[in-house]
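Chemist: As a plain string of letters, each chain reads:
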Amino acid sequence: MPHPLLETRDLTVRFGGHVAVDHISCSFNAGELTAIVGPNGAGKTTYFNLISGQIGATEGTVQLNGHDITRMSVAQRTHRGLGRAFQLTNLFPDLNVLENVRLVIQSKAKRGFNMFSLASSHDDLTAPAMEIVERVRLGDQTQQVVSELSHGDQRKLEVALLIALDPLVYMFDEPTAGMSVDEAPIVLELIAELKARTDRAILLVEHKMDVIRTLADRIIVLHNGALAADGDPATVMASDVVQEAYMGRDLELADG
Amino acid sequence: MLNTILSGDLPRSKVLAAMLVAILVCLALAPFIFPGVRSVDTAARICIFIVLVASYDLLLGYGGIVSFAHTMFFGMGAYGVALSSKHMGAGFDALAIGAASGALLAALLALVIGLFSLRVRAIFFAMITLAVASAVAVLVSQLSGITGGEDGLSFKIPRALGPAFKFADIELFGVKMNGKLLKYYLVFFSCLILFLLMLRIVHSPFGRVLLAIRENDFRAEAIGYRVVHYRVAATCLSAAIAALAGALYAIWLRYVGPDTTLSMELMIDILLMVVIGGMGTMYGAVIGATIFVLAQNYLQNLLNVAGQAVADVPLLPQLLNADRWLLWLGVLFILSIYFFPTGIVGRLRKGN
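As they're listed, the protein sequences go chains A and B.
According to our numbering, the first sequence holds residues 1 to 256 in order.
According to our numbering, the second sequence holds residues 1001 to 1352 in order.
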């Protein structure tokens, strides 16, 4: 019986009368990559926001590694082992590539309140940051200011921040959105590398069928804020409810 | 060595480096190069305003937090020194206790304001500080029994810092070795140390977090930094340093009053100095404060000279009348912000 790293129980959020996420109970195990699919407006990103804490839940709980984190702040959740990369690139635009990653390592080392030493003198933070920057193939642009990077490179850095955080639960929100055909494989390769680690859980919101097919161990389908299907990729794809509901049109268009 | 003192923040522009060195040398040797009472007074004022403006830059330029209470914190240090000297009698212990309690109180008040308002949104903080600063200014002018009201407080400082005290019976370049000279160097070195300390703070891991928060507070939180805690810490630090600058100002003037430390006008001056010098650069505070204080003190004289030079030309003498100095100061600001939107330091570094 695999140990669930992340579990949501009856997780719900209402905005006025609109139920954006409707009683989703689902658990995510270590060593498993779960793809979250569904049409636009199905509540995928809202579900992510509830888990990582950007939005407070109206009802239900989020459990991380056996602890209730429902009432915790975003930063507290991060220190507990929840890490998220964002759909729209969300970096520190006027800082350089290395500094972006270094800040994450510094946060993990809890040295943010160190006021009287030089940031550049903390070699034990800079070295691992450098390693990660090289791992995402940005090694020759460490001093480049982020706002001057190409979109694809910014997406790579987005993933690098998450790798630097090395959380128990990795959350990717369309990691290859807007990337060129040449660049996307690098990001997917990085995610595949993460998958090899059996003590981590990965959640992936994705539209592209080919990506899901190569990476996902399991698919959950959201529809109108509720959980519509859950299972291994082949079963979910074939299931009537999914085919009839919307998948036939939406996902086949995205396929290929 | 230099790299360590400057916390690795070299000027990165030849012109800027030259300006900074010139300012440092002039301030360090001010009593000898410019021996007049007024010019030494201007030099001390520049030193103190550099620290005050830099502490505001720590908040605005690095933390991205707009505060209107900076003069209030400045005033707390000044009143701290004045009150302790008044009640404990002139002495270095009174100065130290006054400065320390002023700084502590300023930090505590900043903590309370910060915890109440920074939790919500940074803009809310600006409004709260405006309200609290106005309330404190009114209180200080009303509680005349304690604060001296609008008249302020004059007080005695240790004899060792006064002109009557001679520590050597010689004159160096025509300058008497007296307590006044000691007082200038007390101000100068305290300001130098405070400035270098702030330069270190903005380049520390803490300073990097502030930059990250200014750039993208949402993501800073998501990688594990409690944004509120960092903003409040920056506010407290900045308030404490402003209070220390205020304490030095009070010691220098041997007087404290609402106009010299608490006025809204002064708050706007600080804002202008940060913007003209260049936000988020620290060195901008040096350039901004120097230019501003010099203009405030000498623009009138300069206009006088210019007005006399064109006395025969119609209209020009009226425009260059010394009474119009505020008009010209305003024109200077508008021009400098128009031509240097990133401040003088930002412009100089970009041109490199």
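Since the hints were derived computationally from the structure, they do not count as laboratory data.
Incorrect hints may have been included.
As the list claims (entries may be wrong) - One side of the interface only, derived from the structure: several residues of chain A facing chain B at Cβ under 8 Å:
1. F15
2. H18
3. L88
4. L95
5. E99
6. L103
7. V104
8. S107
9. G112
10. N114
C-beta atoms are modelled at their ideal positions from N, C-alpha and C, and glycine is treated no differently.
Chemist: Using 8 Å as the Cβ threshold, decide whether S107(A) counts as touching chain B.
Modeler: holds (4 Å)
Chemist: Please verify that hint: F15(A), Cβ, nearest Cβ of chain B, below 8 Å or not.
Modeler: With a closest approach of 19 Å, the F15(A) hint is violated.
Chemist: Given a cut of 8 Å on the nearest C-beta pair, is the interface hint for N114(A) held or broken against chain B?
Modeler: Since the shortest Cβ distance to chain B is 4 Å, the answer is holds.
Chemist: For the hint on H18(A), just tell me whether its beta-carbon gets within less than 8 Å of chain B.
Modeler: violated (23 Å)
Chemist: Holds or violated: E99(A) as interface residue toward chain B, Cβ cutoff 8 Å?
Modeler: holds (7 Å)
Chemist: How about L88(A): closest beta carbon in chain B under 8 Å, or not?
Modeler: Check failed: Cβ of L88(A) comes no nearer than 11 Å to chain B, outside 8 Å.
Chemist: Should the hint that G112(A) touches chain B count as held when the rule is a Cβ pair under 8 Å?
Modeler: Holds, because the Cβ-Cβ distance from G112(A) to chain B comes to roughly 5 Å (cut-off 8 Å).
Chemist: Next item in the hint list is L103(A). Is there a CB on chain B closer than 8 Å to its CB?
Modeler: holds (5 Å)
Chemist: Using the nearest Cβ pair, does L95(A) come within less than 8 Å of chain B?
Modeler: Since the shortest Cβ distance to chain B is 6 Å, the answer is holds.
Chemist: May I ask you to test the interface hint for V104(A) with respect to chain B, counting a Cβ-Cβ separation under 8 Å as satisfied?
Modeler: holds (5 Å)
In summary, the structure is inconsistent with hints 1, 2, 3 from the numbered list given earlier, while agreeing with the others.
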